[in-house]
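**Q** Please put together the full structure from these sequences, using the hints given.
From first to last, the protein sequence lines are chains A and B.
Position in the first sequence counted from 1, then plus 29, gives you my numbering.
Position in the second sequence counted from 1, then plus 29, gives you my numbering.
Source of the hints: derived by calculation from the structure; they are not laboratory data.
Errors might be hidden in some of the hints.
For identical chains, the list gives no copy identity; a pair is met inside one copy or between any two copies.
[Claimed, not checked] Under the rule of at most 30 Å between Cα atoms (straight-line distance), these lysine-lysine pairs were calculated in the BS3-like manner:
1. K248 <-> K97
2. K219 <-> K45
3. K195 <-> K97
4. K45 <-> K130
Here is how the chains run, residue by residue.
There are 2 protein chains.
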Amino acid sequence: MSNFRYSDAEIDAVYKVIAQRRDMRHFLTTPVEPAILAKLLAAANHAPSVGLMQPCRFIRITDLSLRKTIYEQVQEERLNTANALGHSESDERESEFMRLKVEGIMQCAELLVAALCDHREAHIFGRRTLPEMDLASVSCAIQNMWLAARAEGLGMGWVSMFEPTKLSTLLQIPQGAKPIAILCLGHVEKFYELPMLVETGWTTQTPLSELVSENTWIK
Amino acid sequence: MSNFRYSDAEIDAVYKVIAQRRDMRHFLTTPVEPAILAKLLAAANHAPSVGLMQPCRFIRITDLSLRKTIYEQVQEERLNTANALGHSESDERESEFMRLKVEGIMQCAELLVAALCDHREAHIFGRRTLPEMDLASVSCAIQNMWLAARAEGLGMGWVSMFEPTKLSTLLQIPQGAKPIAILCLGHVEKFYELPMLVETGWTTQTPLSELVSENTWIK
Chain A
30 MSNFRYSDAE
40 IDAVYKVIAQ
50 RRDMRHFLTT
60 PVEPAILAKL
70 LAAANHAPSV
80 GLMQPCRFIR
90 ITDLSLRKTI
100 YEQVQEERLN
110 TANALGHSES
120 DERESEFMRL
130 KVEGIMQCAE
140 LLVAALCDHR
150 EAHIFGRRTL
160 PEMDLASVSC
170 AIQNMWLAAR
180 AEGLGMGWVS
190 MFEPTKLSTL
200 LQIPQGAKPI
210 AILCLGHVEK
220 FYELPMLVET
230 GWTTQTPLSE
240 LVSENTWIK
Chain B
30 MSNFRYSDAE
40 IDAVYKVIAQ
50 RRDMRHFLTT
60 PVEPAILAKL
70 LAAANHAPSV
80 GLMQPCRFIR
90 ITDLSLRKTI
100 YEQVQEERLN
110 TANALGHSES
120 DERESEFMRL
130 KVEGIMQCAE
140 LLVAALCDHR
150 EAHIFGRRTL
160 PEMDLASVSC
170 AIQNMWLAAR
180 AEGLGMGWVS
190 MFEPTKLSTL
200 LQIPQGAKPI
210 AILCLGHVEK
220 FYELPMLVET
230 GWTTQTPLSE
240 LVSENTWIK
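**A** Next up, the structure:
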């Protein structure tokens, strides 16, 4: 056993939050305390980043007209996605998709946009052959925030159904930078017991045994 | 306050593990219990994934000759990175880089390769405009594993200094799939107090205030 092992109660808390975190789409409008939001952003900033480049930027959306335009941009992409699903799968799948709630932008207490910063080409460490490690770093930051939010009793949802160039124009995100997440954060009536896409019957989960192999690709 | 808020002690444990997790490069060779490894992989599989596509695959490396070849591939890319840093920054920076320990592949108890699965183009949900969301999902899975490992008293390091096509050939990773992390996992003599790249003076951390803005890009 490791000397650095946390207490059983602490370990249980860590596994519990990992298991109970959900990608939320249903929110209450109750405000989030600013001190909690600050703690969540600090949690994000504790995430690892490739070569410590810290590529993650957050834009907090407090302007209602901006929020509405973001909502409209997501609705537009939702229709484009439905259409693409209709073409690649079936008309039935398109209809099923249209019945899913894919965002909670107008209900959530806090709306944030997470983006990759500009001038990333200057960071070579760990990125010479895998430049996309900057996105990996931003994703780890968001996962930290997601877990901390769940422990605080708050839900978060990562919406990636948007056209990044349009959102960049709206938020004056400079060339070279790129928005990668619209984050809906807030109080919830309840947390889904299972991922919403499982609860709604959209898809099923693949068991871990099918995702892990030894020394070579899984057959 | 949320009805779903964890106890203060649980919340403290979550913030503690987020703050104390480190990207480790120094390991002891003490074995990791198989039951703990299984718990860490299960934690990874609890991560969110775009449209629940679960794009993450893990290959556990137990064959010593494979481990050595992976080590050699990383050494090769380490030299290429050093050379690139010499060109883009300075000869001094190249020398500083060469003094850093950038991996613990031959010492760590467990070596895993994490990869994006093949046939990802079939997954449109949340990826029509942002196909790279699959990498975001894998990164969230790895962050879960990282945090769970820290709570268990184990260190983990994400090495991205390798040529993905060479590693794919070595591990028979099929076309369309892509390795994105060599994960070193194991017991450690101690955890770094600060990120190793800060402790060694390689770089400094940007404060959170410079990464967050309101309604528009940070100036």
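**Q** Of the hints stated earlier, which fail here?
**A** none
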